[in-house]
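Enquirer: Below, each chain spelled out in residue letters.
There are 2 protein chains.
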Amino acid sequence: MKILVSEVGPRDGLQNVAATMPTAAKKAWIDALVAAGCREIEVGSFVPATLIPQLADTAEIVRHALTHAGLTVAVLVPNRRGAADALAAGAHKLTLPLSVSETHSLANLRKTHPQVIEEARAIAAMIADMPVARRPHFEGSLSTVFGCTLEGAIADSTIQRLAGQLMAAGCDEVGLSDTTGYATPNEVRRLVRLVRAEAGDAAVSGLHLHNTRGLGLANVVAGLDVGITTFDASMGGLGGCPFAPGASGNIVTEDLVFMLEAMGYDTGISIERLAAARDVLAAALPGEPLYGFVADAGLPKGFRPGVASAAA
Amino acid sequence: MKILVSEVGPRDGLQNVAATMPTAAKKAWIDALVAAGCREIEVGSFVPATLIPQLADTAEIVRHALTHAGLTVAVLVPNRRGAADALAAGAHKLTLPLSVSETHSLANLRKTHPQVIEEARAIAAMIADMPVARRPHFEGSLSTVFGCTLEGAIADSTIQRLAGQLMAAGCDEVGLSDTTGYATPNEVRRLVRLVRAEAGDAAVSGLHLHNTRGLGLANVVAGLDVGITTFDASMGGLGGCPFAPGASGNIVTEDLVFMLEAMGYDTGISIERLAAARDVLAAALPGEPLYGFVADAGLPKGFRPGVASAAA
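Protein sequences, first through last, are from chains F and B.
Just so you know, the first sequence maps onto residues 1 to 312 in my numbering.
Just so you know, the second sequence maps onto residues 1 to 312 in my numbering.
I should point out that these hints are in silico values taken from the structure, not numbers from a laboratory.
What you are looking at is a predicted structure, and each value in this text was computed from that prediction instead of being measured.
One or more hints might be untrue.
[Unchecked claim] Restraint-style ranges between C-beta atoms, simulated for each label pair:
1) B/Gly302 <-> F/Gly306: 34 to 42 Å
2) F/Glu288 <-> B/Glu288: 53 to 61 Å
3) F/Thr112 <-> B/Ala69: 50 to 58 Å
4) B/Arg304 <-> F/Gly306: 34 to 42 Å
5) B/Arg304 <-> F/Ala84: 41 to 49 Å
6) B/Asp31 <-> F/Pro289: 30 to 38 Å
7) F/Val17 <-> B/Glu288: 24 to 32 Å
8) F/Arg110 <-> B/Arg304: 25 to 33 Å
9) B/Val226 <-> F/Glu118: 46 to 54 Å
10) B/Gly90 <-> F/Thr103: 51 to 59 Å
11) F/Pro289 <-> B/Arg63: 41 to 49 Å
12) F/Thr158 <-> B/Thr103: 55 to 63 Å
13) B/Asp31 <-> F/Gly164: 48 to 56 Å
14) F/Ala125 <-> B/Val226: 34 to 42 Å
Yeah, the Cβ is synthetic: ideal placement off N, Cα and C, and Gly gets one too.
Turn these sequences into a full structure, and let the hints guide you.
Expert: Following this line, the structure appears as structure tokens:
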């Protein structure tokens, strides 16, 4: 069975490191990720350069990424203005975050819930005005859905209402994002079902998980249990959320791919070539710590990717 | 639901650090673990002091641990001679490792499979000679059961045969041990079922998992799925197996307890007091790296142990 590992390092990773990676290095890293078999990469975010200078070259990066046939070029957009830039650049997938914690939403996007829903509606209208063949996939992402460092747990009724409003506004999909690293395996199962009950089964297929408290891969297993088919991850575990104090650490792409392949899933990604892409990343961000257990421990003896380990 | 977290740091952890922790410090650490709510601790191993000098004081440590009412005092025994010492000291639980990889068995215990089974039989006979009230629990632990760094995957038929032979020899229980960090969630589910089919459902309730490739807690979730109720873990992730090259890292007690409590399980362990015990450990092993995500990230806002997180 195929599982899509969506690499978010060039966006979620790079926006959280102090250094700005040169544009040429970003292109080389994306090329190496594609060479490893990555089929979807979130390459940047259309936010004002004054806010996140590390991603100021997103339009150029999108254009470069589009030269890779078969790659889904994803970007984050905080509002309709960013979405207009993303559409102009030709991105295949737009993700609009909506923090179910309104406190976090105000801190992160400086918008109330109704204001974010209004942005979603405006973006969907822009997409609807495009020729069908060029319309990108539009995801509304429920961030802080497993709890917020500012508000704590968020009411189920709020989560369901916002999921329904995103779909009604014209999103193709609702993602669940553990911005703060609060998710647990049973909450993953429960909230995926909760959101599906509102948004429809087909509209909920992706999870963005963090490894803040070491539960990232355990939460992936819970997601697999309920039929999730897309998992975000960041090479070397780069990234996190700068507006959620204490939260850090995307799940590590290399470890996720290893686990999935060892479980017999087909990610389409070569672990060896992923290691080569990690070398490209390490060279481009000297001094920046990269995480990952598989990078340290190596592969098991006799490991065969995509084949569930079983005795000979 | 109650889950038993069996702390193996004083045995599996300490045998793998270069320094020998002073006996008084071991006692203080065990006292702190008990104060945190640990109900079972593997306090040492009855092996020749020439082989593992770090555990030379195991008899004295057992006697100290026995002063804690309600604590299950567990020890590792490599053979009947170690078991005799364990029985003389009054340990409540004896674990005899049997590596399903015969190559690893020869390297680790210097015994073939039939020789280990013969030891199990001799130990069971010694236990049967004791008054019923004083008989310890006797576990045969299938080590390298998820694969061996020397042999790779081990045949299912070998695993089943050895599980059956351990039970026939007189073990009360057969444990599964991921000595090498090769386990994956679906292999955990599959092998627990495989061994139960041979040894009986009631005889398979415990897993010893490592976090070598970051899958430790994901494998715990898989174990919970198939009704496992005892998980070994080591404070700070100390330990591993010195005879399995490249293998290292028990799952971290603090992270395991956090995950279980956040999922609504009752471990009986206080996370705050566990942190205090970690301080005792850190002071007793200066310079030794201690691992753990929860120790770094802290607890989620509004976290309530033993209550599955759910929105207010």
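Enquirer: For each hint, tell me whether it holds in the structure or not.
Expert: We went through each hint and held it up to the structure:
| no. | hint | in the structure |
| --- | --- | --- |
| 1 | B/Gly302 <-> F/Gly306: 34 to 42 Å | holds, 41 Å |
| 2 | F/Glu288 <-> B/Glu288: 53 to 61 Å | violated, 26 Å |
| 3 | F/Thr112 <-> B/Ala69: 50 to 58 Å | holds, 57 Å |
| 4 | B/Arg304 <-> F/Gly306: 34 to 42 Å | holds, 41 Å |
| 5 | B/Arg304 <-> F/Ala84: 41 to 49 Å | holds, 44 Å |
| 6 | B/Asp31 <-> F/Pro289: 30 to 38 Å | holds, 36 Å |
| 7 | F/Val17 <-> B/Glu288: 24 to 32 Å | holds, 30 Å |
| 8 | F/Arg110 <-> B/Arg304: 25 to 33 Å | holds, 32 Å |
| 9 | B/Val226 <-> F/Glu118: 46 to 54 Å | holds, 48 Å |
| 10 | B/Gly90 <-> F/Thr103: 51 to 59 Å | holds, 56 Å |
| 11 | F/Pro289 <-> B/Arg63: 41 to 49 Å | holds, 44 Å |
| 12 | F/Thr158 <-> B/Thr103: 55 to 63 Å | holds, 57 Å |
| 13 | B/Asp31 <-> F/Gly164: 48 to 56 Å | holds, 54 Å |
| 14 | F/Ala125 <-> B/Val226: 34 to 42 Å | violated, 50 Å |
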